[in-house]
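Undergrad: Chain by chain, the residues run as shown.
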Amino acid sequence: MSSKKRSGSNTLESGQPIGQDNNGYTLGPMQAGPACCDPQPLIQVENFSLRYGAQIALDNITLDIYRGCITALIGPSGCGKTSFLSSINRLTDLIPGCRIAGCIRVDGSDIHHAACNVQALRRQIGMVFQKPTPFPLSIYRNIELPLREYGITRRADINVTVEQVLQDVGLWEEVHDRLDAPALSLSGGQQQRLCIARALALDPKILLMDEPCSALDPIASGVVEDLISRLCGRYTIVIVTHNLAQARRIANYAAFFWIKNHAGRLVEFGNCRQIFEAPAHELTAAYINGARG
Amino acid sequence: MPETSVKSAHACRDRLAELVVYFVAFLVCAAFVWITGDLVRGGMAHLSWDFFVDSPRNAGRAGGIGSILVSTALILLVALMVALPLGWTVAALLAEYMPASGSFGYTVRHSLQVLAGVPSIIFGLFGNAFFSIYLGMGFSILSGGLTLACMLLPILVSTAEAGLHAVPDAYRQSAAALGMSRTATLVHLLLPVAAPALAAGLLLGIGRAMAETAALLFTSGYVDRMPGSLLDSGRTLAIHIFDLSMNVPGGDAPAHASALVLIIVLLLINMVAMRLTTGWQHRKITS
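Going line by line, the protein sequences match chains R and S.
Each residue of the first sequence is one higher than the one before, starting from 1 at the first, in our numbering.
Each residue of the second sequence is one higher than the one before, starting from 1 at the first, in our numbering.
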């Protein structure tokens with residue numbers, strides 16, 4: 001996993017190649033806002049429903065998530081945003097009694113097809129949880145562990161990747177002299193950035209983020225938010241957030257979920273600017289204006 | 001009621017509760033001090049290097065406990081070598097691979113609970129019937145060790161399973177999201193995190209095994225010679241103490257000394273295991 005490969009051939013709209021060092025990081029400058037590149041669907045969700053036992057969590061969701069963009073999932077608590085997110089990497093498989101219907105395609109292939117290798121799927125889809133979940137191991141070992149799992153065992157290769165991803169999340173300067181320290185000794189924001197680094201170490205195409213800033217203080221939250229913006233373009237990011245201002249700042253697209261008949265439904269999906277400035281659905285407008293939800 | 005008298009009533013009750021707590025704590029300490037004090041007083045004079053290396057003579061009244069220590073160690077070794085892999089594998093199976101509501105897991109858990117409640121004399125009779133007679137091992141260290149292994153299984157399984165259950169699910173989710181297999185997650189993440197629980201179970205197991213008498217009377221026997229092989233009969237420290245104090249007139253002093261040794265050995269095992277666990281966890285966390 002060389003740095004050349006990691007940077008890829010992506011360029012931002014401004015024409016500046018991603019990977020240039022701004023602000024001491026290896027990623028490009030912050031590229032926020034609604035405008036996005038040519039929308040090519042990377043994740044295609046068709047008539048997808050999900051139930052836990054008798055409880056319907058998601059009902060008939062159809063949605064395209066575009067390559068290289070940040071898509072924010074917004075909506076009130078319990079409307080199925082997290083269930084939707086965990087369906088994309090099939091983490092819902094871990095929940096007993098979970099049943100699905102419909103289809104999710106990632107890069108054209110059906111993730112629920114018998115031939116789909118879940119481990120390979122999860123390798124290309126990184127996930128970051130609401131609460132930072134570094135393993136109770138050293139900082140270095142947190143990143144090394146998944147790499148070794150995928151057969152990357154040469155110390156030199158691991159060292160390169162560890163430095164690379166820690167640079168990417170802006171943690172290298174803070175921890176490079178104490179990589180052997182327990183990851184749990186880091187602050188909350190640092191732990192969350194370590195979790196993002198751990199996800200990036202496997203060089204995924206997609207990053208799923210489940211309210212990654214909600215357990216952090218405002219300053220740490222700001223740092224993580226800037227980081228997510230910098231990751232835009234290089235990764236396809238799907239982020240669940242309750243913070244509408246944050247969704248507006250960083251996302252290119254937004255999907256608004258709502259609970260109807262005790263089941264989560266997609267009410268509206270569109271360009272972030274359109275969703276926030278001219279929502280087509282009255283529920284969206286009410287939620288965004290704070291009148292509902 | 002005036003405010004001051006309410007306050008003084010509260011203070012009085014607090015004081016009383018405090019006294020009760022201190023008194024109970026004192027009782028616990030007193031019991032420990034009494035037992036060890038008695039053992040030290042009665043056995044200390046008997047302790048010497050020769051006591052540790054000599055074999056017992058004159059039914060244990062003279063000589064030492066060299067052969068007894070060797071038999072005890074061998075029986076413990078056999079029991080742990082069988083019970084540890086079995087117990088921890090079953091615990092991993094129950095905690096990580098079996099659905100909590102599944103009937104197989106339920107059956108295994110209940111069988112273990114029943115096993116945990118079986119009196120040790122029943123284990124002794126079972127060991128005698130199965131290992132000694134049916135499998136033809138006779139009164140031997142092997143037979144005693146295997147019987148002890150059956151007794152240790154419930155302790156090892158339940159402590160290890162509880163330890164694994166106590167590991168937060170967030171770790172399993174994160175590992176799964178990183179595409180790590182269940183086995184890798186178990187080996188590299190869950191077991192190191194649960195190590196203190198595993199060590200605690202191991203200590204409990206060793207403690208129970210070292211203290212066991214009834215189950216071994218019928219299986220390993222009470223021959224006090226130095227064992228030549230695992231198929232020889234061997235007498236453990238606990239049986240030695242039992243025999244000296246119940247069947248040997250004039251055996252009180254060596255019984256006290258043997259009991260003192262048993263307690264010291266248990267304390268040492270405890271300390272070493274604690275040290276090892278901390279060291280192992282530290283290494284796992286920082287390498």
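Hint data in this document are derived by calculation from the structure and do not stem from the laboratory.
Fair warning: this is a prediction, and the values are worked out from it, not measured in the lab.
Incorrect hints may have been included.
What the hints assert, rightly or not - What the simulated footprint calls covered on chain S by chain R, stretch by stretch (three residues with Cβ under 8 Å from a Cβ of chain R suffice, anywhere in the stretch; the number is not a length):
id, stretch
1, 48-54
2, 182-194
Unchecked claim - Not close to chain R: a few residues of chain S, all C-beta gaps over 10 Å, as computed:
id, residue
3, V21
4, L93
5, P99
6, S111
7, L178
8, G179
Note that the Cβ used here is the ideal one computed from N, Cα and C, for glycine as well.
Undergrad: Now tell me, hint by hint, if it's right for this structure.
TA: Now the hints, each set against the structure:
With a cut-off of 8 Å between beta carbons, the stretch 48-54 of chain S has 0 residues touching chain R; three or more are needed, and the interface restraint is violated. Counting residues of the stretch 182-194 of chain S whose beta carbon lies closer than 8 Å to any beta carbon of chain R gives 5, which reaches the threshold of three, so the coverage claim holds. Annotated as non-interface, V21/S keeps its C-beta farther than 10 Å from every C-beta of chain R; the closest such distance is 34 Å. For L93/S, the shortest C-beta to C-beta distance to chain R comes to about 17 Å, beyond the 10 Å cut-off, and the non-interface label holds.
Distance to chain R contradicts P99/S as a non-interface residue, since its nearest Cβ pair spans about 6 Å, not more than 10 Å. Against the 10 Å criterion, S111/S stays outside the reach of chain R, whose nearest CB is about 23 Å from its own CB. With a closest Cβ-Cβ approach of about 4 Å to chain R, L178/S is found to fall inside the 10 Å limit, against its non-interface label. At roughly 4 Å from the closest C-beta of chain R, the C-beta of G179/S falls inside 10 Å, breaking its exclusion from the interface.
Hints 1, 5, 7, 8, counting from the list given before, are not met by this structure.
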